[in-house]
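J.: Using my numbering, the letters of the sequence shown correspond one by one to residues 781 to 1072.
I should point out that these hints are in silico values taken from the structure, not numbers from a laboratory.
Heads up, a few of these hints could be off.
To be verified - With a cut-off of at most 35 Å between alpha-carbon atoms, the simulated DSBU-like pairs for lysine-lysine come out as follows: (1) K978 x K785; (2) K967 x K1034; (3) K788 x K981; (4) K966 x K976; (5) K851 x K788; (6) K788 x K1043; (7) K858 x K886; (8) K785 x K976; (9) K886 x K981.
Stated by the list, open to error - Restraint ranges, calculated between C-beta atoms of paired labels, are given here: (10) V862 x L1057: 32 to 42 Å; (11) K967 x T815: 39 to 49 Å; (12) K966 x V1035: 38 to 48 Å.
For glycine and all other residues, C-beta sits at the position ideal for the given N, C-alpha and C.
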Amino acid sequence: MEFIKLLKLRLSTSVLFSSLAGYLLAIDANNPHDTLVLIKLLLGGFGVVACANGLNQVFEADTDALMDRTKNRPLPRKAMTVSTALLFSLFLGSLGLVLLYTINLKCVLYSLVSLAIYVLGYTPMKYKSPFSGFIGAIPGAMPIMLGWLALRDEFGWEPGIFFGIQFIWQFPHFWSIAWIRFEDYKKAGINLLPTKNKDHKTAFQMCFYTFLLIPLTILPFIHNENLNNLSLTGCILVFLMGIWFFLVSLKFLKVRSNQSAKKMMVFSVIYLPTIQLIYILDNHNLLYEIRI
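Assemble the whole structure, with the sequences as input and the hints as a guide.
T.: See the structure below:
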């Protein structure tokens, strides 16, 4: 049980959905489904993400003990030694990288870069600068692109847009969490909000990035010559989801309370997988086609 807590199993599993989404979006007539690749992608990706989560707790054991949200993790409670946590995390990470290497070189290289940015960049920087959120958003957006690379072994506009959506989405998502847990983070000297305060400027930026998701998510429909051909049905659905999310953010901008921030956080958790699911269903022609 302590090892499961160290890995942040729920978070690690949720990240895998983005990798799976990228893989499913990469499937076409020239790039058919490959069961072995998918298994290695999911197991390898899980190993790397679990490693990142474990190393994060190794480096933050002292500060985790200061926060209500994290004080019951294995290391602050002394339920596990730092050396055990370190070795277990490195073992999982190494195993994950080996599995990804058997898929292709790009997968393992970008996973390694993502791991390094998260552990060596984001983790120490969040005690020094709110800019850490932008650094942390890079590895946070990488899984969907890795899913694409696992099957196609090449970049393109499509994975770039998917990466961009997940990158931008993280700001309203994680800033809403930071808003809710502002006082708890403050105990450990962490401040992830862009202005370092729960003020109008921070709320406006959260609203702004939420708005950016609207044009970004419909881009495959507007300019579909070189992208996955998003249908009109898919475009309408992602547009409506974007408008809904934006309206939630506008309510938060007006009220700026913990309750409205929580509503924004909850909706953000619903928004991203829903958008990805719409893309997947549309890519496999499983949405009702609207003709005009």
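J.: All the hints need checking, so say for each whether the structure fits it.
T.: Hints versus structure:
{"no.": "1", "hint": "K978 x K785", "in the structure": "holds, 30 Å"}
{"no.": "2", "hint": "K967 x K1034", "in the structure": "holds, 28 Å"}
{"no.": "3", "hint": "K788 x K981", "in the structure": "holds, 32 Å"}
{"no.": "4", "hint": "K966 x K976", "in the structure": "holds, 10 Å"}
{"no.": "5", "hint": "K851 x K788", "in the structure": "holds, 14 Å"}
{"no.": "6", "hint": "K788 x K1043", "in the structure": "holds, 23 Å"}
{"no.": "7", "hint": "K858 x K886", "in the structure": "violated, 38 Å"}
{"no.": "8", "hint": "K785 x K976", "in the structure": "holds, 29 Å"}
{"no.": "9", "hint": "K886 x K981", "in the structure": "violated, 39 Å"}
{"no.": "10", "hint": "V862 x L1057: 32 to 42 Å", "in the structure": "holds, 40 Å"}
{"no.": "11", "hint": "K967 x T815: 39 to 49 Å", "in the structure": "holds, 47 Å"}
{"no.": "12", "hint": "K966 x V1035: 38 to 48 Å", "in the structure": "violated, 22 Å"}
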